[in-house]
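Those sequence lines, one after another, are chains G and E. Once you know that position 155 of the first sequence is 155 in our numbering, the rest is easy, because the numbers rise by one and skip nothing. Once you know that position 96 of the second sequence is 96 in our numbering, the rest is easy, because the numbers rise by one and skip nothing.
Because the hints were derived from the structure by calculation, they are not lab data. Don't take each hint at face value.
[To be verified] Away from chain G, derived, C-beta distances all over 12 Å, residues of chain E: (1) M90; (2) Q95; (3) R177; (4) K224.
[Said to hold, decoys possible] Here are the simulated lysine-lysine pairs, BS3-like style, with alpha carbons at most 25 Å apart: (5) K316(E) to K9(E); (6) K119(G) to K96(G); (7) K96(G) to K107(G); (8) K249(E) to K9(E); (9) K119(G) to K316(E); (10) K316(E) to K155(G).
Remember, it's a predicted structure, so these values are computed and weren't measured experimentally. Cβ coordinates follow ideal geometry from the N, Cα and C atoms, glycine included.
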Amino acid sequence: MAGLGAMMMMFLLLGGLVLVAAVVVIGIYNGLVGGRNQVDNAWSQIDVQLKRRHDLIPNLVETAKGYMQHERQTFESITQARSQAMGAKNVAEASKAEGALTDALSKFMLVVENYPDLKANQNFLSLQETLTSTENKIAFARQAYNDAVLTYNNKTQMFPSNIVAGMFNFTKRDFFEIESPAEREVPKVKF
Amino acid sequence: MWEQIRINKRNSIILLTAMAGLLLGLGGLLGYAFVGPQGVGVGILIAGGVWLVMTLISFSSGDQILLASSGAVEVTPEVHPMLFNIVEEMKIAAQLPAMPKVYIIPDPSPNAFATGRNPSKAAVAVTEGLLAKLNRDELQGVIAHEVSHIVHRDILFVTLAGIMLGTIVLLADVFLRGTIYGSHRRYSSRDNNNAQGLMIIIALVAAILAPLMAQILYFALSRKREFLADAGAVRLTRYPEGLASALEKISGSKVPMQTANKVTAPMYISSPFRGAKANLFSTHPSAEQRIHVLRAMMHGANYQDYDQAYRSVTGKSGVIPASALKESESVPTRQADTRSEPQPQAAARAQQRIRFGDFIRQQQGFAFIDCPCGVKLKLPPNLPTNKVQCPRCKTVHTVTQS
């Protein structure tokens, strides 16, 4: 009789343990799914802004061309960078091409300084604000994406969530680094 | 960021519980003082009831009341493209689920606030004075601060605690008036009951002290939240100087807000009252101190860097809860945005002001006539005549009003 009682206790205990483990695994699993969704969502935000920038460029070039006849090279490099960026197939490729586009655009904005007529054009001014904002939005979306990736990657690598991640095949995601020679330069410190 | 929200939630609950205790205690005490021991329950019930009604009202339409009382006007992207762009930038950076509504307050004093009880139903309001004074980076800093309030759920806290504070003040006020004008009659009609007399004195003291205590609690937490929102803003923009220089300009302004009061004050980025020194009853820490902390952030833009700067400037222990510090990764600051001054700003802002003015007039039913000589006539609704002469070229126009 006492033996049976002990057996029951064992079963109950075991059952309880399995239940607790299941709840923990479900919790971790949901956390991982949430993290992955956040990464995907943040990526789609970047995507939206990148597309917006691609759409903006023809308009910008068209407006500026009339004022800047001697800057053919600048326009060519922008157009080329744009078509390369639009053809990018994965995060790594997109990082590189978008970096080149960012560079080309910031060079263009520097050149604009030499054309006061263009800077006074109302249409161009509003395009410039849109471009500035789009560049910012890309930067902020990238920031949010990288934050989400970091949190998610930490979950896939840290104990104990890494076990659940391994079981259900949650893989590490890539950061979105802008491959820009200008951005990688060490900032000069002025005193 | 999530850790920050969790801690905020816990702090809010502690504070709200303390205030609720204060409120119900006050109600009970007042009941006892007015009616005697059997009045305690009734007093608590009335205090709780008043609070419940006020909370329900504020939950259903608190943001609308606040926006309306500040005279804020909801604007479309065409009215101020840059403001909209900046709000959207911060929405993206903070990963808000929806775009906050954007309002402009026709007030020359530079200030801003956020409202809405959850991140998907938020609104940001800035004054015309703010738009006129700040450049793009500074405006971004201010909007980032407001968006941080939204992300941290500070608005919910401010609303709930503000209502609680309002109820306590109201109850205390009613009681004080009641005892001053009505005590005579009651005393003479009744046997001198020593216990009740004592209770009345205690209730009097409580009625005077409770609002003070509630205010101290409320404002202490709201000051801390300002620092936290600053830290959050820097983490979003990665550019402490933008917010620092915005605060400098805002606090340097001598124009007071026309539509703020003590309860709504914590929602503004900078105290809407001018010339007040920072003390126990301030809703905001001194702008000077906030600017110092922001400018001391030399190395990075995460919570840890802010905390370090805060400690070195104030000499106090940190402002950010330890468990929120643990999870933050290294975040570099960025350089000044050279694109942030894309045009002669004064002219652009003047134009912006005209556009906003026209927007408001349009909503009020003004009619617009473009005269061929270049003058734009802006005519109020319900003119006595429908013939108007252009002041410059004397052409007579016919007004067609709906």
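Inset, instruction - Would you list, in rising numerical order, the hints stated earlier that this structure does not obey? - result: 1, 2, 6, 8, 9, 10
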